[in-house]
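Engineer: Protein sequences, first through last, are from chains A and B.
Quick note: to get this note's numbering, add 6 to the position in the first sequence (first position is 1).
Quick note: to get this note's numbering, add 64 to the position in the second sequence (first position is 1).
It should be emphasised that the hints constitute simulated quantities derived from the structure, not laboratory data.
Honestly, I wouldn't trust all of these hints.
Claimed, not checked - Cut-off 27 Å, straight-line C-alpha distance, at most; resulting in silico cross-link-like pairs (DSS-like, lysine-lysine):
| hint | chain 1 | residue 1 | chain 2 | residue 2 |
| --- | --- | --- | --- | --- |
| 1 | B | Lys166 | B | Lys88 |
| 2 | A | Lys197 | B | Lys86 |
| 3 | A | Lys197 | B | Lys88 |
| 4 | B | Lys88 | A | Lys119 |
What the hints assert, rightly or not - Here are some chain B residues the structure puts well away from chain A; computed CB gaps all over 10 Å:
| hint | residue |
| --- | --- |
| 5 | Ala168 |
| 6 | Thr203 |
| 7 | Leu331 |
Just so it is clear, CB atoms sit at the ideal spot from N, CA and C, and this is done for glycine as well.
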Amino acid sequence: MKRFPEYFTFWHIAGHYGLRVFAFLVLLFLMLPILVIMPLSFNAEPFFTFTEGMLALDAEAYSIRWYQEILDDQKWLLAIRNSFVVGFAAATIATVLGTVAAVGLSSPWMPYKRIITALLLSPMIVPLIIIAAGMFFFYTQFNLVGTYGGLIIAHAALGVPFVIITVTATLSGFDRSLFVAGLSLGASPVKVFWDVVIPLIRPGVISGGLFAFVTSFDEVVLVLFLAAPNNAPFRARCFPGCANRSIQPSLRLRPCLSCSRRRCCSHWKRCADVPQR
Amino acid sequence: MTAATPNLDRADARNAAREARKRKLQAFLFVVPLLVFIIFAFVAPITTMLYRSIHNPTVANLVPETLAALAEWSGDDMPDDAVLIQFAADMKRMANDRTSGKLADEINRALPGMSSVVKSTARALRRVDDAEIASNGATLLKDANDRWADPATWRALKAAGKPYTDSYYLTSVDLERDADRSIVQRDTQIYVKLYTKTLRMALIITLLTVLLGYPLAFYMAHASDKMANFLMVFVLLPFWTSLLVRTTAWIALLQTNGVVNSTLMALGIADEPLEMLYTQFSTVIAMTHILLPFMVLPLYSVMRGIDQSYMRAALSMGSKPLGAWYKIYLPMSLPGLSAGALLVFIISVGYYITPALVGGTDGQMISNIIAFHMQTSNNWELAAALGSLLLVIILLLYWLFDRFVGASNIKLG
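Chain A with its partners taken away, still in its complex shape:
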């Protein structure tokens, strides 16, 4: 039994335990979907509910058939490969440009710092549907819609804020006199940047790059607007109608959301060859 201070009344103690119970209930709420979805991916039946066999822990009711299906299906493998290619390229662009910019932004001499920071962080704030619509109109003029290039550029822009945030956070603890010391000893700014600054801020750069990669990997909306069927990454295939059959078997139960004209249309149609219902 925990010891409470003497001035604690019954209500203090009730509040203490009440808070603890409430906090754990909220954590349960946070974890519940993940706890539910994982066993369902081993469902032997093509439904998205727990079968009686699963509840009875019957080994027959579980299977790895959906995982098998991903590994056997060329389309899934291509989608996974696309996710890595696009994610890696986008994260690289975002990390390189973002790190260099973060060095400038954390300089005390930086002009218009506030407005430029707000601008560079805005891809994180502006709704994806607006970004997607704008990029669709704009990239069409450069024939970038439906290409890897267009998707990589779009995802790199989305990843930039994460790199800026993590790298400026690391740089706030960086002693700028080290930079000046390097310069005073005769090294060029580029050399100082590469040999002094980068090794010191590496953790921030790496975590920023990871953030950018994950953002790209988990992004669907831009992909739905900008990708052609053969370069659609993994996540787009997970979108309903496209039926990620292993992790989300029930997605198959919903018809295609909508068919748009142009690229998306062929994309959706191709998804539609998965039997519905």
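We have chain A already, so just place chain B on it with the hints.
Structural biologist: Below, chain B alone, put in the same frame as chain A:
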């Protein structure tokens, strides 16, 4: 080196100013590559979209000569036969190079019901002789469909032919221009209601995340380091799980024979399954779940820095727990609360995926309607106008956020 002391002469001051300029430029040069990239990849697309919402040259490009002829026309009675002949010739050309459908779509937006009129007229004029049209075009046009004898049709054509228009913005706030060009309410009120609904849902979601997140962050901030780190895992794990996976998990939980309904029925709380999925309710629940970490993380980091002895002092002097919290703790945790609440509100106003998947018809938000106009109804200009209004709301909130919290204070866990 920058501070101007009285001993410095003018040359020194000039040198210092030059040095300061050089450093400013140096710092700025670091940012230039990213700035150029973001302007091309992000700012320019959004500007294009804003431009598209007021600029639609489709009709102006399709029938430039007819519109030039119509420019002189007053709009009260029928235009001259010369205009009609010119339009008949344009119609024949469009019927043959298959662009009449585009014209039909555009005019139909200005005057509903015109789509079939334009299409049938195009079919009727397609095989007619050029000479016949030149001599008898006006009669041919009126014979093909008698709506061409109605001045309202020509007013609609003239209105649709303007390359710059505010009509999409009017539509997006449920207004339109009537025959006299004055602004009136539309018969069907859709978008204002939708914006209100979106803002209301975002507000409910924000309140729910506060109600759930604040006690959790409070508990975590006051637990031992080891416990706090352990609990943090359970906050970050869902945060890092794919959005699609979490949204579909809510489908599994909330569907008619899903986990929640089965549990409620097994416990005897409900007699028959509740219809929870594909409603506003499911959207709010799933989005609260998805956005909760955005509330907990800034709250936690602020609460962690609050000295606990203030609360202990208040309690030991006989303050009631809630009173002490309200008078002492709440003001100190306000920075975290406002950061989290603004962030959650901003993100939820523009949310697309979750309402699209679990919202049904009832739980759709403004983003879903923009996507609908982009993909299904192909009314791109209206989508752009709706998107621009949404963007204005978001930027306003972002400005508030930057002002009170600072954009660079966004926490990533």
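Engineer: Work down the list of hints and note, for each, if the structure agrees.
Structural biologist: Status of the hints after comparison with the structure:
no.: 1; hint: B:Lys166 x B:Lys88; result: violated (53 Å)
no.: 2; hint: A:Lys197 x B:Lys86; result: holds (19 Å)
no.: 3; hint: A:Lys197 x B:Lys88; result: holds (20 Å)
no.: 4; hint: B:Lys88 x A:Lys119; result: holds (11 Å)
no.: 5; hint: Ala168; result: holds (16 Å)
no.: 6; hint: Thr203; result: holds (37 Å)
no.: 7; hint: Leu331; result: holds (15 Å)
Against the hints set out earlier in the document, a violation occurs for number 1 only.
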